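K.L.:
Going down the list, the protein sequences come from chains L and W.
Heads up: the first sequence runs through residues 0 to 251, numbered per numbering that gives the first Met the number 0.
Heads up: the second sequence runs through residues 0 to 251, numbered per numbering that gives the first Met the number 0.
Don't read these hints as lab results, they were simulated from the structure.
Just so you know, not all the hints are guaranteed correct.
Copies of the same chain look alike in the list, so a pair counts if it fits in one copy or across any two.
[Claimed, not checked] BS3-like cross-link-like pairs, simulated, lysine-lysine; straight-line CA separation at most 27 Å:
1) Lys215 <-> Lys23
2) Lys34 <-> Lys23
3) Lys30 <-> Lys109
4) Lys215 <-> Lys245
5) Lys215 <-> Lys109
What you are looking at is a predicted structure, and each value in this text was computed from that prediction instead of being measured.
One letter stands for each residue in the lines below.
Number of protein chains: 2
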Amino acid sequence: MKNTLSAAVILIGNELLSGSIQDKNLGHIAKTLEKKGIRIRETRIIPDIEEEIVEAVNHLRLKFDYVFTTGGIGPTHDDITSDSVAKAFGVQNVVQQNVFDKIQQRFSEKGIPFTKAAQRMAYAPEGSEIIKTQHSIIPGYRKENVFVMAGVPSIMRLMLEGVVDYLNTGMEIHNITIHANVGEGEIAAQLEEVQAKFPEVDIGSYPQDKNSEFSKYRVIFVFKGTQMSDLEEARGSVMKILNDSKFDAVPI
Amino acid sequence: MKNTLSAAVILIGNELLSGSIQDKNLGHIAKTLEKKGIRIRETRIIPDIEEEIVEAVNHLRLKFDYVFTTGGIGPTHDDITSDSVAKAFGVQNVVQQNVFDKIQQRFSEKGIPFTKAAQRMAYAPEGSEIIKTQHSIIPGYRKENVFVMAGVPSIMRLMLEGVVDYLNTGMEIHNITIHANVGEGEIAAQLEEVQAKFPEVDIGSYPQDKNSEFSKYRVIFVFKGTQMSDLEEARGSVMKILNDSKFDAVPI
Chain L
0 MKNTLSAAVI
10 LIGNELLSGS
20 IQDKNLGHIA
30 KTLEKKGIRI
40 RETRIIPDIE
50 EEIVEAVNHL
60 RLKFDYVFTT
70 GGIGPTHDDI
80 TSDSVAKAFG
90 VQNVVQQNVF
100 DKIQQRFSEK
110 GIPFTKAAQR
120 MAYAPEGSEI
130 IKTQHSIIPG
140 YRKENVFVMA
150 GVPSIMRLML
160 EGVVDYLNTG
170 MEIHNITIHA
180 NVGEGEIAAQ
190 LEEVQAKFPE
200 VDIGSYPQDK
210 NSEFSKYRVI
220 FVFKGTQMSD
230 LEEARGSVMK
240 ILNDSKFDAV
250 PI
Chain W
0 MKNTLSAAVI
10 LIGNELLSGS
20 IQDKNLGHIA
30 KTLEKKGIRI
40 RETRIIPDIE
50 EEIVEAVNHL
60 RLKFDYVFTT
70 GGIGPTHDDI
80 TSDSVAKAFG
90 VQNVVQQNVF
100 DKIQQRFSEK
110 GIPFTKAAQR
120 MAYAPEGSEI
130 IKTQHSIIPG
140 YRKENVFVMA
150 GVPSIMRLML
160 EGVVDYLNTG
170 MEIHNITIHA
180 NVGEGEIAAQ
190 LEEVQAKFPE
200 VDIGSYPQDK
210 NSEFSKYRVI
220 FVFKGTQMSD
230 LEEARGSVMK
240 ILNDSKFDAV
250 PI
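Chain L extracted, bound-state conformation (with noise of 0.2 Å):
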């Protein structure tokens, strides 16, 4: 897609391998970036272990334009991305005294001692800027084209405004759908007529669940691209195709 940028998110945490939470970050993310003309391109979901981290921080930062990891920055002992990501970059995890003294202050005021361990909420890799965030003294961090967030949906989705801020931007990535009542084996070699006609227009067919919100119609067409007139016209293509065969379709 022409005049988009690219992304990866790293979504760390055992919690999110082993089933026993389910992320609720990365379409957050997804629908923010793309207003901003950033398309994720890829998606890690990684263990709470150094080598891991750093293996895909490195890899994924050269790859894309921009890296977005979330989860990890807390005080308990699984919490080592600060340490991992200070370790691809080959520098050191250092105290942001600004938000070590804000954090202990609130610590003191609700009473509550800052330990050691809490303390390393305050660290983050030499030469990181330090996202401005509303509403939570917690910051996450940019460090060369990697941005650092928690792994906490409230607390992620806070950060990221900060964070949108500091991003280059490309074309704005809209959508457009059609919802239908088709087999998809039934209209699959006419898509994929559309799908060469316009190069530019990402086109997706997307089977229902019998219990989807939309599992009236047996499938979702998504057109994605940042040129609404090429989508529309490739929507009125396949919204042709499926009205001359008398298919039950409804364009939103």
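With chain L fixed as given, assemble chain W onto it according to the hints.
P.N.:
Below, chain W alone, put in the same frame as chain L:
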């Protein structure tokens, strides 16, 4: 974790990366595999791009005992999983005649043309073993240690039921939890000591979002491992710490 096997999951599909569709397969696969003593150690979400699928399959099948893929085995132009897995193994993607005949018959019964596009659902990499799946004529398959399954959750679940018969198993992995009203920073140092004392127990600490299912409690501690006696002992140690400091905590 001793006596367990390792696995990776590759979720294939642009729609999962763009936030159009939320994955519903990973959690189910993880929980099914844990009962068989198999832990997911990495998950990648990648687009419908051949070289990305080839790279992920080849990297992960050498690194872990098993690889499971979901998505991209339907009839549309973006369904390129079988072609890509074949390429990863350096073999041809060939027609599976039994499968072909069954799908052809089904299409014929329904009066749907069995197009070239639809026929692609009957292909699998040379040397694959078709997985017997109840209630679905489109089968998943095994190529060495790589299992290829559908992306639609209801179909994926049927396939996975067949897949588990092909797997070597380790010791079942158990989970027990504590729900507690405590700040992570208040217990992190002591939690680390418990983790050090029980290296075979994977202790995770997950702050809960205000809107989450268990929002009554601020943190959930998860104890995971193959020896239930170890888990209960580790959980007992953490319960004692919480009780001694008068934090509200419930073992579940």
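K.L.:
Would you pick out the hints that fail for this structure and give their numbers low to high?
P.N.:
3
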